[in-house]
Amino acid sequence: MKKTILYSIAALFLTAGCVSNLDDDFNIDPKKATDVPAATLVSNAQFNLTSIITTPDYNYNPFRYYLQYWAAVQYPDESQYNINSREINKAFWDVIYRDVLSDLREARKTVDANAFLTAGERASQVAAIEILEVYAWSVLVNTFGNIPYSQALDINNVLAAYEDDGAIYADLIKRLDAAIASLNAHPDASGFSTGDLYYGGDTESWLKFANSLKLRFALTIADVEPANAKKLAEEAAAHVFTSPEEDAQLNYTANMPTANPMSDILAKRDDNVAANTLVDVMNKLSDPRIDEFFQPATAGPNAGKYVGGVYGVANAYARYAQPGTLLRDPVLPGLLLSYTEVEFLLAEAKLRGFNVPGTAAAHYNAAVTSSIVHDFGGTQAEASTYLTKPGVVFDAANWKKSIGTQKWIAMHNQPVEGWKEWRRLDYPVLQKPAQALSEIPLRFPYPFSEQNLNGANYRAAATAMGGDEVTSRIFWDKP
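All residue numbers in the sequence shown are consecutive under our numbering, ending with 479.
Hints are not guaranteed to be accurate.
[What the hints assert, rightly or not] Lysine-lysine pairs mimicking BS3-like chemistry, simulated, CA-CA at most 27 Å apart: (1) K389 x K305; (2) K401 x K432; (3) K305 x K432; (4) K305 x K478; (5) K284 x K231; (6) K174 x K432; (7) K268 x K284; (8) K231 x K389; (9) K231 x K305; (10) K174 x K284; (11) K268 x K90; (12) K389 x K284; (13) K401 x K231; (14) K268 x K230; (15) K231 x K109; (16) K231 x K268; (17) K268 x K305; (18) K90 x K230; (19) K389 x K400; (20) K284 x K109.
[Said to hold, decoys possible] Here are the simulated distance ranges between beta carbons: (21) A167 x E234: 45 to 51 Å; (22) N452 x T118: 35 to 41 Å; (23) S85 x T118: 48 to 54 Å; (24) A227 x K389: 45 to 51 Å; (25) A396 x D329: 17 to 23 Å; (26) Q74 x T325: 45 to 51 Å; (27) D329 x N156: 32 to 38 Å; (28) G467 x K174: 44 to 50 Å; (29) N283 x S85: 51 to 57 Å; (30) G466 x S150: 21 to 27 Å; (31) A254 x F116: 34 to 40 Å; (32) K174 x T118: 52 to 58 Å.
Worth flagging that the hints you see were computed from the coordinates, not collected in a lab. Small disclaimer: the values here were computed from a predicted structure and weren't measured. In this text, a Cβ means the ideal position worked out from N, Cα and C, and glycines have one as well.
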């Protein structure tokens, strides 16, 4: 089976600048670099973070299967929840620890040691690194639960202790608040202008990203810490994304290795068809995004139609709808956090009684419209018509169903966060296939390498999680 290589791409995206005409008394020669530039490390971390949460390579990211967006052609293992045979959990774990967090940690050290930065520049760059670290750590917690955290990334300590997932989240929120405060204190300072693949070092954009992430965290913990969630949401709401142009995203290029990994894999292999679970819902709702998500079957009795393959078994590629042209575009951006998501979050916040601007219905309608028009190339007329349909019209009395179902559809190309939101909101109701090895996973089990090399800490973490099982719940996942 094909495996995607996550490339080191910093040299392809940027060139590191140098400082000249310095007084000899500095006793530093900027032309004799002994470390990888911080900007290079940051861009590499950004690329790898975006790619691991975007890729459809099921050796790393099987979450499109867990959400029943896709069904398999040759290899139904992922739709049957076989995680261990190819150690998908280890691949996901390793990329984030090794290729994202480790690079960010080294970038932080390099920035701290850079004598040529002003205090404001250093603060701005450290804040951006912190926001990226917080995002990456949250992905690990949302995927595994308790994880090595404060003792992680230390090459001299291979026996890092695991920490409680809720306690880690609390610390991430504190770190995010500190980064926001630092950016606010230095609004005119220069960030990573040549190495920042998301915002080109623009402080205002990073502030909106950080506050939008804070809003995401607020709603993530809302079922278990409602008072804290209310406080966080109300603090963030006035400073979040207000248009799709502000999305936190990586703009891929037309050619590998810096193209969207989706296009590369879909061009080389016919491993996936649309799942009947999603297609049946979209057909019932006359969802205008269906022709962006998929292209019709090309052979057999379903030729020319949007019919999904049977989820949980192998399917004939040509006989079912297949991933569409938009998803095959090499320059399709990889999304970390979008205006569409922010509008869904604000709708939920309003329904929970949080003091945020606007009405729940207006935010819900804005989210669905943004998904159709901006994210998936539809028209305003299509969005307006869609929002009047039974099953789409906002239902405040059953808001988890309304928001959960539409968020499930809208996050079609954000499977990692989509999986988290499905677990949190419990909608739509999905059924495991008859061939499943387990229930639909609520978390990844820990890698075998942790069991073998960090056994005592692994066992303590597994016990604290209620067992190292796919059915053990992350702290925010209230039954």
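Tested hints:
1. Using a Cα cut-off of 27 Å, the hinted pair K389 and K305 holds, with the two alpha carbons roughly 22 Å apart.
2. Of the supplied pair hints, the one linking K401 and K432 holds, its CA atoms being roughly 19 Å apart against a limit of 27 Å.
3. Distance restraint check for K305 and K432: the Cα-Cα separation of roughly 25 Å lies within the 27 Å cut-off, and the hinted pair is therefore satisfied.
4. A C-alpha spacing of about 39 Å is found between K305 and K478, which places the hinted pair above 27 Å, so the restraint is violated.
5. A C-alpha spacing of about 39 Å is found between K284 and K231, which places the hinted pair above 27 Å, so the restraint is violated.
6. Proposed proximity of K174 and K432 is contradicted: the alpha carbons are some 38 Å apart, above 27 Å.
7. A threshold of 27 Å between alpha carbons decides the hint, and for K268 with K284 the separation of about 32 Å lies outside it, so the pair is violated.
8. Restraint check for K231 and K389: not satisfied, since their Cα atoms lie roughly 35 Å apart, outside the 27 Å limit.
9. Between K231 and K305 the alpha-carbon distance is near 48 Å, which puts this suggested pair outside the 27 Å criterion.
10. Our distance criterion of 27 Å between C-alpha atoms is broken by K174 and K284, whose separation comes to about 44 Å.
11. For the given pair, K268 sits about 24 Å from K90 by alpha-carbon distance, which is consistent with the 27 Å threshold.
12. Annotation: proposed proximity of K389 to K284 holds, straight-line Cα distance about 10 Å (limit 27 Å).
13. Restraint check for K401 and K231: satisfied, since their Cα atoms lie roughly 25 Å apart, inside the 27 Å limit.
14. Taking the CA atoms of K268 and K230, the gap is near 47 Å; set against the 27 Å cutoff, the hint is violated.
15. Of the supplied pair hints, the one linking K231 and K109 is violated, its CA atoms being roughly 33 Å apart against a limit of 27 Å.
16. Annotation: proposed proximity of K231 to K268 is violated, straight-line Cα distance about 48 Å (limit 27 Å).
17. As the CA atoms of K268 and K305 are separated by approximately 23 Å, the hinted pair is consistent with the 27 Å bound.
18. Taking the CA atoms of K90 and K230, the gap is about 35 Å. The hint is violated against a cut of 27 Å.
19. For a cut-off of 27 Å, the pair hint linking K389 to K400 stands: about 18 Å separates their Cα positions.
20. A C-alpha spacing of about 54 Å is found between K284 and K109, which places the hinted pair above 27 Å, so the restraint is violated.
21. Between A167 and E234 the CB atoms are about 23 Å apart, so this pair departs from the stated range of 45 to 51 Å.
22. A hinted range of 35 to 41 Å for the beta carbons of N452 and T118 is inconsistent with their spacing of about 47 Å.
23. Our hint of 48 to 54 Å for S85 and T118 holds, since their Cβ atoms are close to 52 Å apart.
24. Our hint of 45 to 51 Å for A227 and K389 is violated, since their Cβ atoms are close to 37 Å apart.
25. Checked against the given bound of 17 to 23 Å, the beta carbons of A396 and D329, roughly 37 Å apart, lie outside it.
26. Judged by the Cβ atoms, the range 45 to 51 Å given for Q74 and T325 is violated: they are separated by roughly 23 Å.
27. Taking the beta carbon of each, D329 and N156 are about 45 Å apart, not inside 32 to 38 Å as hinted.
28. Range check, G467 to K174: about 30 Å between beta-carbon atoms, so the 44 to 50 Å window is missed.
29. Separation of N283 from S85 is about 34 Å and departs from the stated range, judged on CB atoms against 51 to 57 Å.
30. In this structure the hint that G466 and S150 lie 21 to 27 Å apart at CB holds, the actual value being about 23 Å.
31. Remark: the range hint 34 to 40 Å for A254 to F116 is upheld by a beta-carbon distance near 35 Å.
32. Checked against the hint of 52 to 58 Å, the pair K174 and T118 fails, with Cβ atoms roughly 26 Å apart.
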